[in-house]
Every structure is written in structure tokens, then in C-alpha cells.
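**Student:** One letter stands for each residue in the lines below.
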Amino acid sequence: MERQASEEAVSIGQRITEAISIRTVFTIRLFGNEIPISDTVIGSWVAMAIIVAAAIAVTRRLRDVPRRPQAIAEAFVEFADSFACGVMGPAGKAYAPFLGTLAAYLAVANLLPMLTPIGGFGFEPPFEIKPIMRDINITAGLSASVIAVVLGSSIAKRGVLGWAASLLKPVAFMLPFNILEYAIRPVSLALRLFGNILGAFIIMRLIEALVPIGAPPIAGLYFDLFDGVMQTVVFVYLSTIFIGEAIHMEEAHE
Amino acid sequence: MNETSIALIAAGVAVLSGVGAGLGIGIATGKTAESIARQPEASGKIQGIFFIGVALAESTAIYGLVVSLILLFR
Numbered sequence: 001m002e003r004q005a006s007e008e009a010v011s012i013g014q015r016i017t018e019a020i021s022i023r024t025v026f027t028i029r030l031f032g033n034e035i036p037i038s039d040t041v042i043g044s045w046v047a048m049a050i051i052v053a054a055a056i057a058v059t060r061r062l063r064d065v066p067r068r069p070q071a072i073a074e075a076f077v078e079f080a081d082s083f084a085c086g087v088m089g090p091a092g093k094a095y096a097p098f099l100g101t102l103a104a105y106l107a108v109a110n111l112l113p114m115l116t117p118i119g120g121f122g123f124e125p126p127f128e129i130k131p132i133m134r135d136i137n138i139t140a141g142l143s144a145s146v147i148a149v150v151l152g153s154s155i156a157k158r159g160v161l162g163w164a165a166s167l168l169k170p171v172a173f174m175l176p177f178n179i180l181e182y183a184i185r186p187v188s189l190a191l192r193l194f195g196n197i198l199g200a201f202i203i204m205r206l207i208e209a210l211v212p213i214g215a216p217p218i219a220g221l222y223f224d225l226f227d228g229v230m231q232t233v234v235f236v237y238l239s240t241i242f243i244g245e246a247i248h249m250e251e252a253h254e
Numbered sequence: 255m256n257e258t259s260i261a262l263i264a265a266g267v268a269v270l271s272g273v274g275a276g277l278g279i280g281i282a283t284g285k286t287a288e289s290i291a292r293q294p295e296a297s298g299k300i301q302g303i304f305f306i307g308v309a310l311a312e313s314t315a316i317y318g319l320v321v322s323l324i325l326l327f328r
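Residue numbers (this note's numbering), protein chains in the order written: chain A, 1 to 254; chain B, 255 to 328.
So here's chain A without its partners, still in its complex pose (with noise of 0.2 Å):
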């Protein structure tokens, strides 16, 4: 009896940890160099050409009186702006598309695994979405484009020179825990992210494994849908803050 238990657990850890392993599907050869795709590259071209996709329909036709999806994309536009601009000042618009593009394609990217039918009673689901964002690789590149735009904001606004200055501000003795700000926050941005989604699909796939009828969809609702936004939210609400703070450092400190 005991042993039947822990060999039903045994299965369960198993399970998990094949769904969180990541697969190389295919390899790239260039230049006698082999570059590995995985399927979490794959997931992310998906977002990707559903976000271009969808911006080029949106934007084939404009006209002066906007139709549905064409005021759709306007108001995102608009909010996208409004935002940056409510955080940053009136400087914040130059960094409206870059935030959200961001915002765009994590949104896309933390909800499509919400597609993926529920299987359990010997019914395979016949496709699989699984989060891209499990990856540590993915969530570790969004947060250095961050950090690279950071760091770009405010060498451009300042100059090399003033950026090391900035450093050394408010006092001299800051230096080293200024920069290791510019370490501690990527890491931070990517592994919040990372572990966020990577918990949510592990307590998902714990709860289809041990209750999989009525459980999972209500459950999926918290973890997957309102999981996947908040940390869109989170995401690009802080990098929004860490930009803000690269261009306005001078006015808060003197």
C-alpha cells in the first residue's frame, strides 16, 4: 500500500519534471557553430508573429475615422503613451513603444498556454501550449534589453562622463552599491518573472494531476490569467520605473 503511494508520487514528480524540461527541437549549423532551438525559442517566434500579424492588419487600412480594431489599436497606443508619460514626464514618449512592445508580447506570451485543452480520464489533450516564460534564458534576455535601455537612457542623457558622476551620487561612498543596482536588478526582474510562471505551471499541473475534474479551470483562472497579467504588469511597470529614475536621477538628488 505504502509503496503503491510513493510510486504515485514518484509519477506525479516525474510529470512535473518532464513538462518544465525544455527540448531542443531542432539545431541551427552556422559558421561550424551549432545553435540549439529550444521549443521556448519556437513559443517565442509564435508571440512574436502573432503580435506582427496582428500589427499589420490593424494598420493595413487607416483611415481618419477609426474602425473597431483600428480604435482598438489607437487606444493601446494611447495608454501606452498616457502611461510612460504619467511616470516619466513629458520624456517618457520616446520610450512608449519600447514598453509597449514589451507589454505585448508577454501579455501574448503569459496567456496563450491558457489555449491548451485539460486533459485527465485517458483524454491526451491533442496539443500543448506550455509557458515560454519557464525558461530562464527568455526572461533573462527581456531583463538585459531592460537594463541596456536603462543604461542608454541615461549615458544619452547625460554623457558618459555625467553617467559615471551620476554614479557617485548622492555621496562617493555609494559607488559600489550603485552599481551593484545596475547587477541586482536584471537578475531580479528576470527571476521574478521566471519563478512566478514556472510556480504557477508547476501548481497547475499539481492540481490536474490530483484533482482533474472542476479544480483546474477555476484555479487556471488565478494562476494562468490573472498570474500571466499581473507580471506583465510588473514587468513593465518596473522597468518603466528604473528608466524613469536613469533620466530624472539629476532633479531627484539635487
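Be a bit skeptical, because a hint or two may be false.
Partial selection, computed: residues in chain B whose CB lies under 7 Å from chain A [as the list claims (entries may be wrong)]:
1. 270
2. 309
3. 313
4. 316
5. 320
Keep in mind the hints are simulated off the structure, nothing from the lab.
We put the beta carbon where it would ideally sit given N, CA and C, even for glycine.
Chain A is already provided as a structure; the job is to place chain B on it using the hints.
**Tutor:** Frame of chain A; chain B shown alone:
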């Protein structure tokens, strides 16, 4: 005790980081409710700060989760 069982215990201990995140989010929520009750017209701004604070407090729990996952799926 072999290596696997020690790693399992360590994974459990790593999840204790959730205590700190829970305390932090609880304090933040309580203070947010207090300040919205005092100044309902500022609720939008307060909620923005609240979300950021909760995201930062929660990240300690996420670090614990990541460490325990590393220990579990060595």
C-alpha cells in the same frame, strides 16, 4: 542520510522564505487599506505603490522557490 534526503530537507527549508514575503505583503496590504481609508481620493496612486511593493516583497519568496527547485531538480 544520503544526499537526496538532505537536498529534500534543504528544499523544504528554502521555502521558509515565504514567511518573510507573507509578513511583508500583509503589512503592505494593511497600510494600503489604512491609507485608502484616510484618503480615498488618492487610491489610484496608493494602489500603484502597493503593487510595486508587493512585487518586491514577493520576489524573496520567489528566490526561495527557485532555490528549492534547483535542489529538487538537481
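**Student:** Against each hint, give a clear statement of whether it holds in the structure.
**Tutor:** Right, here's what the structure says about each hint:
1. 270: Because about 16 Å separates residue 270(B) from the closest Cβ in chain A, which is outside the 7 Å limit, the hint is violated.
2. 309: Given a least distance of 4 Å, the restraint on residue 309(B) holds.
3. 313: Result: holds, 5 Å to nearest chain A Cβ.
4. 316: Because about 3 Å separates residue 316(B) from the closest Cβ in chain A, which is inside the 7 Å limit, the hint holds.
5. 320: 5 Å, holds
In summary, the one numbered hint that this structure violates is 1.
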